[in-house]
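Dock chain B against chain A, hints included.
Protein chains: 2
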Amino acid sequence: MSVKESPIPKLYQADEVEADPSELEQHPADAAEHIGGLDLTDQVKFIKQLPVKDAAQSIAEMDQHDQRILIKHLNPGLAARIVEEMAPDDATDLLEQLDESYRKNLLSRVPAQDRAELKTLLTFDPDTAGGVMNTDIVILDQDLTADDAINTLRKEVEDKEIPYYAYLVDEKDSLTGVVSLRDLLVARRGVMLKELVKTQHLITVSYNIDKEEVAKKIAHYNLLALPVVDFGNRLLGVVTVDDVIDIIHDEATEDMQTMVGAGADETTDSPVNFSVKKRLPWLIINVINSAVAAYVVHLFEPTISKMAILAALMHIVSNQAGNTGQQALAVMIRQLAVEKFDRKKAWLAVIRELKIGFINGFLISGGVLLLLLVVTQDVKLASCMGIALIFDMLVGALFGASIPLILKEIGRDPAQASSIFLTTITDAFGFWSFLGLAGWMLLG
Amino acid sequence: MSVKESPIPKLYQADEVEADPSELEQHPADAAEHIGGLDLTDQVKFIKQLPVKDAAQSIAEMDQHDQRILIKHLNPGLAARIVEEMAPDDATDLLEQLDESYRKNLLSRVPAQDRAELKTLLTFDPDTAGGVMNTDIVILDQDLTADDAINTLRKEVEDKEIPYYAYLVDEKDSLTGVVSLRDLLVARRGVMLKELVKTQHLITVSYNIDKEEVAKKIAHYNLLALPVVDFGNRLLGVVTVDDVIDIIHDEATEDMQTMVGAGADETTDSPVNFSVKKRLPWLIINVINSAVAAYVVHLFEPTISKMAILAALMHIVSNQAGNTGQQALAVMIRQLAVEKFDRKKAWLAVIRELKIGFINGFLISGGVLLLLLVVTQDVKLASCMGIALIFDMLVGALFGASIPLILKEIGRDPAQASSIFLTTITDAFGFWSFLGLAGWMLLG
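Chains as they are written, first to last, in my numbering: chain A, 1 to 444; chain B, 445 to 888.
Just chain A, same shape as in the assembly:
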């Protein structure tokens, strides 16, 4: 009986905490936070005084960047023991970040069986189901009885990460069903496991599916764990709901940050030069893009020289269209992130944004037109402004909604730098329409 296991039942647990609770007074997640606040020397000291299992759990909870630095500063023997104690998926995540020679060094110190497993896991793309799955699962022969299964579980369950399910396989190792502890508990003792799962419609995922799709599937069906299979339906592992939370967190962060050209994996803890490297390329693209819009203004210099107020007003047009477009952009990117992609529905959403853009454009441009009329008494100037505003707000709605779709259709991340491209378009069209109209109507 393991009364000393983690304080609250946890899904995700590298292993039971065998140590006396007083030795690990903190939950591994809290310990990880604590470690994050220490300088490197103290981090190493703290880890050394923990039982290896606790150290493994705590390091698994740290953020990747800190994790990598810390592990490099432990002696390889301890580091290897920590890797060995980690859940295989956490160990894989960690090993993936290390340079090849150090990874080989650590792996050579891990017992052969674990090493083989980790090497296999390392072959999967980290952004796929195979890259995030757990392999410490209970696999049962479907020809066992419920009674045998419970006895097997009693012996095996303590070493496993997902102790609420057992996966059934046939003689070819193909996955045939899933039973929960609860199913076993309420089943008649003599019933065969394969009888329990006869009517199951199994939901599985292939190992090469993108991890964001895996997250959507788990969220959609409210699953605790989703089995990962190969093309022959052989069970490889499972992705668990707690990993999905991390994926959803990461994916939301990615969208929001890449939209404006920040790094997908930046946090406020990232080193300054890491962030500079991620952002600088997009800032350079932004300079080039804004030079395009500036070139449009340049074409109208004679017009502006005659009537400098246009330079002030053109800014309102472009800014308003930019904001309209960004609203459409944000709604669209989130929709693509949350739902399964449905091409028809997605393009209908563009029509929807055009309608919203038209109504808001009509109201805003009408209001601005009237206001300008009252203030300047200049019918032509007010008309130019009104027409350019509604035109450019429609451009904003159209491109705000369609840029993520276009990026998606050409196989890119729908969020990547979308805000930068959008702004170029709304700026250029805004300047062109307003200055063009003004030149023609006011000075022509």
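In case anyone wonders, no lab produced these hints; they're calculated from the structure. The structure displayed is predicted, hence computed values, not measured ones. Please note that the accuracy of each hint is not assured.
To be verified - One side only, chain B facing chain A, incomplete, derived with CB under 8 Å:
hint	residue
1	626
2	749
3	771
Ideal Cβ positions, reconstructed from N, Cα and C, are used throughout, including at glycine.
Chain B only, in chain A's frame:
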């Protein structure tokens, strides 16, 4: 033995699907998606032909807006039966959206016991732990033995939503511990439940805590379910990990959308006039804000009249600073969303952004300065541009990083319209610094 329960073990389940599987060929989540694609008349038809339990599960999976419209178009008798069959937290979510008279009508048709429970749940703020918790949980007396507990569970577990845990209470109904089915399975049969939880450090949450904080806590500790208690530590319910996924989804969506002044709860399925109402106020504020920046330009009209190229170049300055600021903004908002708020760490992150802004500003403004020098041979113009660029990019970094913190400190949503405020500041400072410098150095 319930071989007919849902295809894959699910955490979140209003009730067992008792009907023949052929009657509900779709998973409730898929049925909900199917219903979403039908027009209202067909939705009503589809729901009517489903067993009430399946109808309840499917409607619970629909999005709130569609859900509300559909339920209003069912006859109140059927609607009330569906509400009765739903998980209490789903039923509460649905009832909260209905107008008062219709809600009362439905509640009056629900059996007294369920009605009392729903009325209690409706008193909780929907954005708090109490508002998202489930109440169908297994509560056991801590003085039972493991053996008694398993027998109790075998009888009770089928009606409960969270069948993997049982919650232990003392004679005052205070929560004393949590045991999982697995704990019971591996326990000696005669051991008292309170012995099993003696060393537990219980993680709980008070009913009035914001749901986003609840989500952070569940994600932080990798919990499947978090008990919700009142101030006397009496158990009220639990928040489950699947609800957390929805909260994280919603919260990420909210941040991304409110940042640019779109509605927090908009989707591509929202009616056009709903989105117009949400966005128009912020577009109006954006007009006012961009008028401020336009006013700055207006002050420099004499300068621009003499040298219209400035109107083109000023746009590059403001745009570049805006992008720099948005990168800082996105990283900051995500950090505030994902982590527990730590004031000191947050303000240190502002310093970090200033460093990044300085390095990127130095490189970009240096590059632009050199390029302008080569193209225009005008040292003064190039210098104005370079100085204004680095100055405004620093302004962008400073305000991009601090606007979310300022909003947080004054008790507002850190994301709300932050991009709109930021742009006003970077535009105004960009125009002022560049046109001011140019007027002084080139024309002064």
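Results for each hint:
Taking 8 Å as the C-beta cut-off, the interface hint given for residue 626 of chain B holds, the closest approach to chain A being about 5 Å. For the restraint placing residue 749 of chain B at the interface with chain A, the shortest Cβ-Cβ distance is roughly 4 Å, inside the 8 Å limit, so the hint holds. Checking residue 771 of chain B against chain A: minimum C-beta separation of about 4 Å stays under 8 Å; hint holds.
This entry satisfies every hint, going by the numbered hints stated previously.
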